[in-house]
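Colleague: Add chain D to chain Y, keeping to what the hints say.
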Amino acid sequence: MSNEELNQNPQNPLDSTVDSAVDPARDANATESMPEAGKESLRTDANPEKKTLTRTPGVTMKELADTAAQREPVPVVRPATKLQLVSRRTQIKEASLASLFFICAFLAVLGVSLIFAFVAWRAFPIVHEIGLWNFLTGTKWSVAEGVFGAVPFIMGSLVVVGGSLIMGVPLAVLTAVFMSEVASPRANAIIRPAVELLAGVPSVVVGFFGVVVVVPLVSQLVGGAGFGPLTAWIVLSIMIMPTITTLSEDALNSIPMGIREASYAMGATKWQTIWKVVIPAARVGIIDATILGMGRAIGETMAVLMVVGNAPQLFAGISAPISTMTSQIVLEMGYSSGTHRTALFGLAAILFLISMSLVLTVRLLSREQHKKRKKVKKGAEA
Amino acid sequence: MSTSTHQTKYSTQLQTDPLVTTYYVRDLEFWYGDFNALTNISLDVMPSAITAFIGPSGCGKSTFLRCMNRMNDLIPDTKVGGKMLLKGADIYSSGVDPVDLRRRVGMIFQQPNPFPQSIYDNVAYGPRLQGVKKKSDLDDIVEDSLKRANLWKEVSGILDKNGLAISGGQQQRLCIARVLAVQPEVLLMDEPCSAIDPTSVQKIEDLMAEIKDEVTIIIVTHNMQQAARVSDYTSFFLQEVAGEPAVLVESGKTSDIFTAPIDKRTEDYITGRFG
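So the sequence lines, in the order shown, correspond to chains Y and D. Just so we're aligned: 109 in numbering that gives the first Met the number 0 is position 110 of the first sequence, and the numbers increase by one with no gaps anywhere. Just so we're aligned: 163 in numbering that gives the first Met the number 0 is position 164 of the second sequence, and the numbers increase by one with no gaps anywhere.
Bound-form chain Y, shown alone (with noise of 0.2 Å):
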């Protein structure tokens, strides 16, 4: 359909009241603004309608149709423009923050690479002084006699984060949920800033923590001295579950409130959008909250060193002391020399290796899973 057919149109009497109606200035300004886009978006209108004209006469389309038609652009010749050149400054600018930028972010991997070189250069005489399978495979440490075995530090530092993991992060996420889900502003106006306190507080504050509260209560419960994995647990989750909280929030707010009314509109309840919805929606953010506490809790030092027990053997329940790679660099590295150090120095290589490969492989987890559930999914079709 065209302009001129529509002009042909036998005019109606209500469509002369509507062409007074039009300003002439917005009439004007529009068809300088927009002109094709105005006439495409009216023209499209115009089809639909002609189809339905028994049941409403189009009474306002008409209007429109031709109001359109009057629209026909008139090109004005107009002195042509001067556009700025990119001046030499800003090119020098632009080029200088780029650098800066790419140096920042080079540091990182320079530190990385560097510490994990050094590390491994000091470790390296573990192969011909103790032999790296003996080293790796030993369950025996004893300095008086030159034994070192890594596996009872090994074991005890993947004991520490795993219960602190499975203890910390649902208290975590559920703390994220509940503030951001489900607590009133007041409530959290003391939720917010104790969680960012605790994350403040100094690890050895906790450890002293660990040691006065924690250590006589496991004693009583448990039996034993009450120095062990279960104290660990409890301290480290309390240390890491303010990062993993506040993480876990963000990724939770910046879920859009649009997909929760969605879940409502669709007649679910609260639960169940929060459940089914929103922390589905979220989470790439809590696996990578969870990364981080983890990473916390595989480093922290201090506060494991004062409630694990500090004694090389390997895990035999939840209230019997052991030791940590971290915790053991720290109480030997004073006093060592000669093979004990470069031991130590293999402790610190193999905690460089585990929390990479810790990090890499949570990665690698939740994009499988992302994978597989596609996978069921076209299964399901075929």
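Hints are computed from structural coordinates only; laboratory data are not their basis. Cβ atoms here follow ideal geometry from the backbone N, Cα and C, with glycine treated the same way. One should not assume that every hint holds.
Unchecked claim - DEER-style ranges, computed between Cβ atoms:
#: 1; chain 1: D; residue 1: T258; chain 2: Y; residue 2: F177; range: 34 to 44 Å
#: 2; chain 1: D; residue 1: E239; chain 2: Y; residue 2: R185; range: 35 to 45 Å
#: 3; chain 1: D; residue 1: R127; chain 2: Y; residue 2: A310; range: 50 to 60 Å
#: 4; chain 1: Y; residue 1: W274; chain 2: D; residue 2: K78; range: 28 to 38 Å
#: 5; chain 1: Y; residue 1: F100; chain 2: D; residue 2: K132; range: 45 to 55 Å
#: 6; chain 1: Y; residue 1: V150; chain 2: D; residue 2: P75; range: 50 to 60 Å
#: 7; chain 1: D; residue 1: E239; chain 2: Y; residue 2: K269; range: 34 to 44 Å
Modeller: Same frame as chain Y, now just chain D:
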């Protein structure tokens, strides 16, 4: 103008029996805190028909629409007065479960809001909430709903794709399929076509006409042509003075409102002289 003297003009007489209507609304009032947003709203929504709510921005049509499935309950400090009957039952009487109400009264929003899950999971969401577990049953519901939403042809091969990965217009139809999957009796559409492409608008208008026998549809729209094209009944809302409550100016058959409006303000609005 004082709101107490306001009289809505009706080109079709209001029903006396609530049971011939889908919604039977009398003297509805609505407050956000101290602000009286709607007053004196009385109208009928007839079954198996499409009713359009029109009016300038901020005139309370969306607020009124959200009263109809109690979505406003989610906003703290809101109050409703008057009568709102769904097929004869007062949806605001004490003890009524808003969750069950929303199962029966579906809603489509202005911004398409699919869940960040697969297309399949999006449509299966409602049925799963209601306890449908069998894979083959879910498959049937998903296919049927997507077909009714005019989307099946475009997505039948990519049901595992994220619902956010398709175009805006397709997302909106996905949202419609998601709602249709729970077999609602009423479908509330809050400017469903204002953010999407014309092809999808066409498809949505087609599907509205196809499903209106089974599902009573109420649509809020800023597009007069759309109101004239798709609706059987039209209600015109207006808030004349900022800060004063909005009122229902005129209500009746679309053919009457668009050809012979009783109120001058209705005529001015639909011919584009204000708003």
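Colleague: Take the hints in turn and mark each one as holding or not.
Modeller: Results for each hint:
Checking the proposed 34 to 44 Å range against D:T258 and Y:F177 shows it is violated: the Cβ atoms sit about 56 Å from each other. A hinted range of 35 to 45 Å for the beta carbons of D:E239 and Y:R185 is consistent with their spacing of about 38 Å. At roughly 51 Å, the beta carbons of D:R127 and Y:A310 sit within the given window of 50 to 60 Å. For the hinted restraint 28 to 38 Å between Y:W274 and D:K78, the CB-CB distance of approximately 31 Å keeps it satisfied.
Between Y:F100 and D:K132 the Cβ separation comes to about 52 Å, which falls inside the hinted range of 45 to 55 Å. For the hinted restraint 50 to 60 Å between Y:V150 and D:P75, the CB-CB distance of approximately 57 Å keeps it satisfied. Between D:E239 and Y:K269, the C-beta spacing of about 38 Å keeps the proposed range 34 to 44 Å intact.
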